[in-house]
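Could you build all of it, start to finish, from the sequences and the hints given here?
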Amino acid sequence: MTQAFRRAKGGRIDRSRTLSFSFDGKSYAGHPGDTLASALLANGVHLVGRSFKYHRPRGILTAGSEEPNALVGVGRDDAHYTPNLRAPQVELYDGLVSESQNRSPSLTRDYAAINDVFWRFIPSGFYYKTFMWPKKAWTKFFEPRIREMAGLGRSPKTPDAARYAQRFAHCDVLVVGAGPAGIAAALSAAKTGARVILCDEQAEPGGALLAEPDAMIDGVSAAQWLQGALAQLAAHKNVRVLPRTIAFGYFPHNLIGLAQSLTDHEGERDDAKPRGRLWQVRAGEVIIAAGAIERPLVFPDNDRPGIMLAEAARIYLERYGVLPGQRALIFTAHDGAYRTALALHRAGCEIAGIVDLRPKADGPWVEAARQAGLEVHAAATVTATRGRLRLTGATIAPIKGGSAIEVACDTLLMSGGFTPSVHLFSQSRGKLVFDATLDAFLPGAPAEACRVVGSAAGLASLQEALESGAEAGGGGTRHQAANAPVAQGGFIGVVPYHGDPGAVRAFLDYQNDVTAKDVMLALREGMQSVEHVKRFTTNGMASDQGKLSNMNALAIMSAVLHKPVPAIGTTTFRMPYTPVPFGYFAGYARGELFEPARRTAIDGWAAAQGAVFEDVGLWKRARYFPRGAEDMHKAVARECAAVRQGVGIFDASTLGKIEVVGPDAAEFLNRMYINAWTKLAPGKLRYGILLREDGFIIDDGVIGRISDTRFHVTTTTGGAARVLGMMEDYLQTEFPELNVWLTSTTEQYAVIAVQGPKARAVVAPLVEGADLSAEALPHMSMVECRVAGVPARLFRVSFTGELGFEINVPADYGQAVWEALMACGQPHGITPYGTETMHVLRAEKGYIIVGQETDGTVTPDDVGYGGMIGKAKPDFVGKRALARKAFAAQTNRKQLVGLLTDDPALLLDEGAQIVADPTQPKPMTMLGHITSSYWSETLGRSIALALLRDGRARTGERLHVPQHDGTARVTVVSPVFYDPEGARLNG
Amino acid sequence: MLLIPCPYCGPRPEIEFAYGGEAHVVRAADPRQVDDAGWTEFLYFRNNPRGDHAERWRHAFGCGRFFNVKRNTYTDQIEASYRIGETRP
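Line order of the protein sequences matches chains A and B. Using my numbering, you'd call the opening residue of the first sequence number 41 and step up by one each time. Using my numbering, you'd call the opening residue of the second sequence number 15 and step up by one each time.
There's no promise every hint is true.
[Said to hold, decoys possible] Here are the in silico distance ranges between beta carbons for each label pair: (1) A:Arg367 to B:Glu28: 51 to 61 Å; (2) B:Leu17 to A:Glu787: 25 to 35 Å; (3) A:Gly1022 to B:Arg46: 30 to 40 Å.
[What the hints assert, rightly or not] Now the stretches of chain A that chain B is said to cover, found in silico as 3 or more residues with beta-carbon under 8 Å: (4) 284-298; (5) 760-773; (6) 910-920; (7) 924-932.
Simulated from the structure, these hints should not be mistaken for lab results. Glycine included, each C-beta is placed from N, C-alpha and C at the ideal position.
Here it is in structure tokens:
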């Protein structure tokens, strides 16, 4: 429990409290203000993970969200477990449970490290060339093994216990990043009165200022200035500061996705509180102050635990009071590492030397190091490192060659300079411009209303960062930085190392285990484009998206291809900037809230009766009402018999309903539906068919004329919204001269179908104000009356082929009227039936279901409804398309027919194909397919509907239907199997 | 997510709208006067430009009105929105 590498003072941690946490089962101590990474380092733990492919021991490399190595799983149990968290971003809390990943059985003994021994045989792309033989071995052997090895981290096995919130927000200025530039921008923007949101990925806003002991801003220390600035922002009522919030995506029209962590740092999470919140912020202007990311140097074995970025080491020292080791070698091409060396030296860490790649190491930083007695090796390089689970030493050699020296060190701190974080700007589709002096891509012309400030724009000094932020904010504020000398330099590509390039591994992309050699191999294999090299090597394809590796990879390509970096270009940055848990995106849409369920007024009654439901679109529909131990087959047979012989009752409320009203209502329907409507008298019904403009059936339904100017249109259950949208489209854009109003009334009416020879006897006693006799209310007519005391539109209509009524009543009265009908029907044996029985009964009558007998390529004539077309009408939607010669030329269109199997007990498979000759070699000539297939209790045999080429002319023909269990012999018949004269309908 | 200026309601997020395809595809007042090739063109052929595009949107979860938008398909920037029947700016 000792924190051997924690200094006695310094940093922003609270030493008065000690937190206990565990890593791989071992307990350690840390303090509030620590991250998991800083606390591990304080305990001298560098080895935190195994690499993805070679399973090499890896240590903490960075102090930020770009961390590629220290990926950990955190959580006390699976319901609270998150894999692949970056240790420098995990705030420490008491009792934190964490584990390393990608190792078995332990970090120090990992069996898969065998991959590292055989590294020469598994270069980039090896899996494209290996595993090819024998063919079967891929699915049986290789793939399962590779799947086991692949992937990082462990998926939790139980559902996420957390809940997640989501919020929309609007602001005038969104500032991304609360470093010096971002804070200056927010202060400046706030002064103008703008609504400002300032977000930062860290727990504490401040960015670089959190590790800045020397600089003065506006006459006070950086820390004091930061405190004052945050207090000022907090006092502005128009400013919202969001810590722990990652701006992960930049979407069109300045919509920024933010992921705000709310309770991850609170220890034992309270599941009642949301864990995180997804923000969708629409910003007038976005100011990107995302900072810059330090680059590793690419040299042999640059991935041993103990090798770290120089600026990261300085942050651990200044912000957390942690020393990275006892003896550090510095390897750099940038002044910043000198600052780290000096700070560590002052803090008591031995400096084994400073190796500077630059030919002339000079300038104030170098001078300061020399004055402090640190040894500077100019124009030198590191050619090798040693140590397995921890660095033990390195070899230094002059770049131009000559005698190498071995130094002992437990830490190597490297700096290749800084890469501006242009990810968000690039996501906004802004152009990147290569700056040859900085060796960096910088933001160029923006595509959205956004500006980039501070080191994200390539500005190196604190003064420039503050100025650029203040200017972007537009408030005319000014700041003065002092004692903050600028640090310069940088290097991209592979450093000179004097070795055989084929024999060393210098890592570019730590997370995906991509080496410099892999990129060269990709180029040898003929890849030229950066996008191809990326995919071949997987460089930059890990969850850090190449934050550390992209520039070095480009420099290698540039050197091998003899092309300047801008000619090679850079890969596209995509969201998310850092990984965001799926829960943030799911938000509230989980469980019952994932998709709304639509329920009818009679749903509760049906559920109480034990109905089995099915999903039809979002609707829950009663499929059948089993009695006792009945299965579906038995229940449906009983329900069918009840309707044919007595009376059944059915909830048809889900039918789409549109009220079409206005002086031009009939003319509007004339132009929409294929049928003629002008002469339909009030009180009459007609079955209407709706086509798309291309002539194919899109919907159907019974339409009632309530009065000269009012129609009650019904649509299919699934088509209601589509049909209303289509009607609105034509009314608004093609026929605006028509005076018509459209109103969706689907949810306003409960619709109760009472069907069967005894239907009239059940309904009539409850009706006031209407005569239900066949003479007064014949088939396909309607009347407005009262049913069970409730105002109703009573339709004499049938989708079963029996005498039937559909009673439309206000939805709130639906269940009451249903129950009244049930009571009235009791003496007649009234039987509730579901959608399955409805399907069987309509199929016996050859009534089509749009979407089952039609598939978007079926015309009215194809299903035998050509006669319904209003011949005298000059135009309706789809008419001109049907008149095309292309249709007339087709003599063998698929037409609706009935099929009867030779074996009356055999049920055909819906979707099965129909052929004339089952012995024909494959591919057989397919004549059509089965659209509906049921057991008909009424006929005591199976029936099927089918779409068959030239089907009506084939009546009587014998054909074959190959099925999964043998070929069925069938005879083509009329699609109307039952009561073709319609005598029962008109009873 | 686009911010779409509905000419009736003002700027609203894209989730409130339904896309309606290319704008200014004229349905002939008397389709019988159009030959098969012309009708096929009307039914099936649409422009797919990289750049300026006039397209229809419906404020489905708002006022319900159809209107036209001039949008650059490459930058996604919307130059104008205008009512049905108004000429393309």
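**Prompt:** What hint numbers does the structure not satisfy?
**Reply:** Those not satisfied: there are none.
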